[in-house]
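Line order of the protein sequences matches chains A and B. Our numbering applies: residue 1 is where the first sequence begins, and numbers increase by one. Our numbering applies: residue 1001 is where the second sequence begins, and numbers increase by one.
By construction, these hints were calculated from the structure, which means they are not laboratory data. Just so you know, even glycine gets a beta-carbon here, dropped at the ideal spot from N, CA and C. Possibly wrong hints are sitting among the right ones.
Cross-link-like lysine-lysine pairs, in silico, DSBU-like; alpha carbons within 35 Å at most [claimed, not checked]:
hint: 1; chain 1: A; residue 1: K92; chain 2: B; residue 2: K1230
hint: 2; chain 1: A; residue 1: K105; chain 2: A; residue 2: K6
hint: 3; chain 1: A; residue 1: K105; chain 2: B; residue 2: K1230
hint: 4; chain 1: B; residue 1: K1203; chain 2: A; residue 2: K6
hint: 5; chain 1: A; residue 1: K21; chain 2: A; residue 2: K105
hint: 6; chain 1: A; residue 1: K105; chain 2: B; residue 2: K1203
hint: 7; chain 1: A; residue 1: K11; chain 2: A; residue 2: K147
hint: 8; chain 1: A; residue 1: K21; chain 2: A; residue 2: K111
hint: 9; chain 1: A; residue 1: K11; chain 2: B; residue 2: K1106
Anything over 12 Å on all C-beta distances counts as not near chain A; from chain B, calculated [as the list claims (entries may be wrong)]:
hint: 10; residue: V1025
hint: 11; residue: I1033
hint: 12; residue: P1052
hint: 13; residue: R1074
hint: 14; residue: L1078
hint: 15; residue: P1123
Computed from the model, here is a short list of chain B residues facing chain A with C-beta under 7 Å [claimed, not checked]:
hint: 16; residue: F1016
hint: 17; residue: S1019
hint: 18; residue: R1099
hint: 19; residue: I1109
hint: 20; residue: N1110
hint: 21; residue: A1145
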Amino acid sequence: MRVTLKIWRQKSSSDKGQFVKYAVDDVDGEMSMLECLDVLNESLILRGDVPVAFEHDCREGICGSCGFVINGVAHGPERATTACQLTMRHFKDGDEITLEPWRAKAFPLVKDLVVNRRALDHIIEAGGYISVGTGQAPEANGLPIGKEIADKSMDAAACIGCGACVAACPNAAAALFTGAKITHLGVLPQGETEKHRRALAMVAQMNAEGFGNCTNIGECTGACPKEIPLDVIARMNRDYLCGSIQRRDDLPAPIPPVVEGA
Amino acid sequence: MGNTGVLPHHPHPISFWQSSNGKKVVMAVTGAIMFLFIVGHMIGNLQMFLAPEHINAYGHFLHHDITEELWIIRGILLLALGLHVTATVQLALRSRAARPVGYSRKEAINSSYASRTMYWSGPIVLAFLIFHLLQFTAGYIHPQAQFVAGDVYGNVVSGFRVWWVSAWYIFALCLLGLHLSHGLWSAFQSVGCAHPRHTRCLKMAAKAIAALIVLGYVSIPISVLLGVIK
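Start from the sequences and build out the full structure, keeping to the hints where you can.
And the structure:
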């Protein structure tokens, strides 16, 4: 199989980027999108060209490192699939495939298909923890948790922080990501005590990073490789609203955002 | 745990209105207020299918019997509209700034047409609202006929006999329906009411209510054009 990859090439954040087309021969249907890029990069290195930069780590869809927009869809045309798990058999011989990095002000471009997603780490840092006494592990059956609650938390905890929700959102909002983190901790009894404070702090950080607003469109959940449901955004909104009404103390100081003045 | 003492505190925490989530709550509540008006107004309008005395008496009741209350309601509606539009404009500017470099190609895979076109349907409905108030409330614009203060029935019939007035009305109401089909559900999401079991019903109910409202409103100009209401 032969495909043409139309890839966004940009040397650095200050450089002006452009699309460059590369023909890749001998593409196997069993190859993943990243392996296809590996093949291209080997030929680029042999030619003395600079290989295409892209992020990757586990290559089994659980680490959240990889991800770019493939033919206008974050992580490509397959639902619930990361770019590393997307096999080339989903494309036809002779296809032209467009690869673009995540586009958001809060995700400054590093190089080619790599963007800086530290803004998501900042949101977690702002409230993605529970304050419990350290020491010996508590008795496992000491705190019974219903299966529905555990499932709801687990569904939200499946978020790998890849940033596809931000990339897919027409407003570049990080609502699904922030909602997933708030839900994952807030529905469990261990995290419930701090849920309002957490929502306030994480929403404040999300706003400080310069993400857009959520218009409840649902593109995020469609692009999410872990199929995080839209309900987590409602949970964030509820905790934020209740927290705003009940707020008594100051919030922790926000971490300086990745992009200043956002 | 007493860790609040050691965390550095923010001297000016972001206010409810400054956060995008807070603005969305304001939009949900103001949208709900305007939705209540839309329902009430439609029920009032449907009196066009009764004898002319009914709707004229209703108009007289609104303007002369409950004048003060009417102005309070108008004030609330105007405030709701102002907040809804202000929040929208601010959020739209924020979202535009959030993606300075756009995609060369972008496919919508999981969103409805109505939800993607809220930024279009809203302003067009607002433009229609201004025209509509100038025509049927103030009587400044009343093409090809004389506006008669107090004769609600006659004004509606003479107004809708002009084909483009009716066409513009029907077009704007269809857009309002589109706006509501997303907005009615979205409002629940913005204030944090969502449940996997109820969301489906809510989404379907929003579409059904929007369709009923469009049908209720556009039945009047269509009936006038067809000669059912004379």
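Right, here's what the structure says about each hint:
1. A:K92 to B:K1230: violated (62 Å)
2. A:K105 to A:K6: Answer holds: K105 of chain A to K6 of chain A is near 23 Å, not above 35 Å.
3. A:K105 to B:K1230: Violated, at about 58 Å.
4. B:K1203 to A:K6: With a Cα-Cα distance of about 39 Å, the restraint between K1203 of chain B and K6 of chain A is violated, given a limit of 35 Å.
5. A:K21 to A:K105: Holds: K21 of chain A and K105 of chain A sit about 25 Å apart, inside 35 Å.
6. A:K105 to B:K1203: holds (32 Å)
7. A:K11 to A:K147: Violated, at about 49 Å.
8. A:K21 to A:K111: Roughly 17 Å between the alpha carbons, so the hint for K21 of chain A and K111 of chain A holds.
9. A:K11 to B:K1106: holds (23 Å)
10. V1025: violated (6 Å)
11. I1033: holds (17 Å)
12. P1052: holds (43 Å)
13. R1074: Fine: 28 Å to the nearest Cβ keeps R1074 of chain B off the interface.
14. L1078: holds (24 Å)
15. P1123: About 15 Å separates P1123 of chain B from the closest Cβ of chain A, which puts it past 12 Å; holds.
16. F1016: holds (5 Å)
17. S1019: holds (5 Å)
18. R1099: holds (4 Å)
19. I1109: Status holds, d = 5 Å.
20. N1110: holds (3 Å)
21. A1145: violated (41 Å)
Comparing the model with each earlier hint shows violations of hints 1, 3, 4, 7, 10, 21; every other hint is respected.
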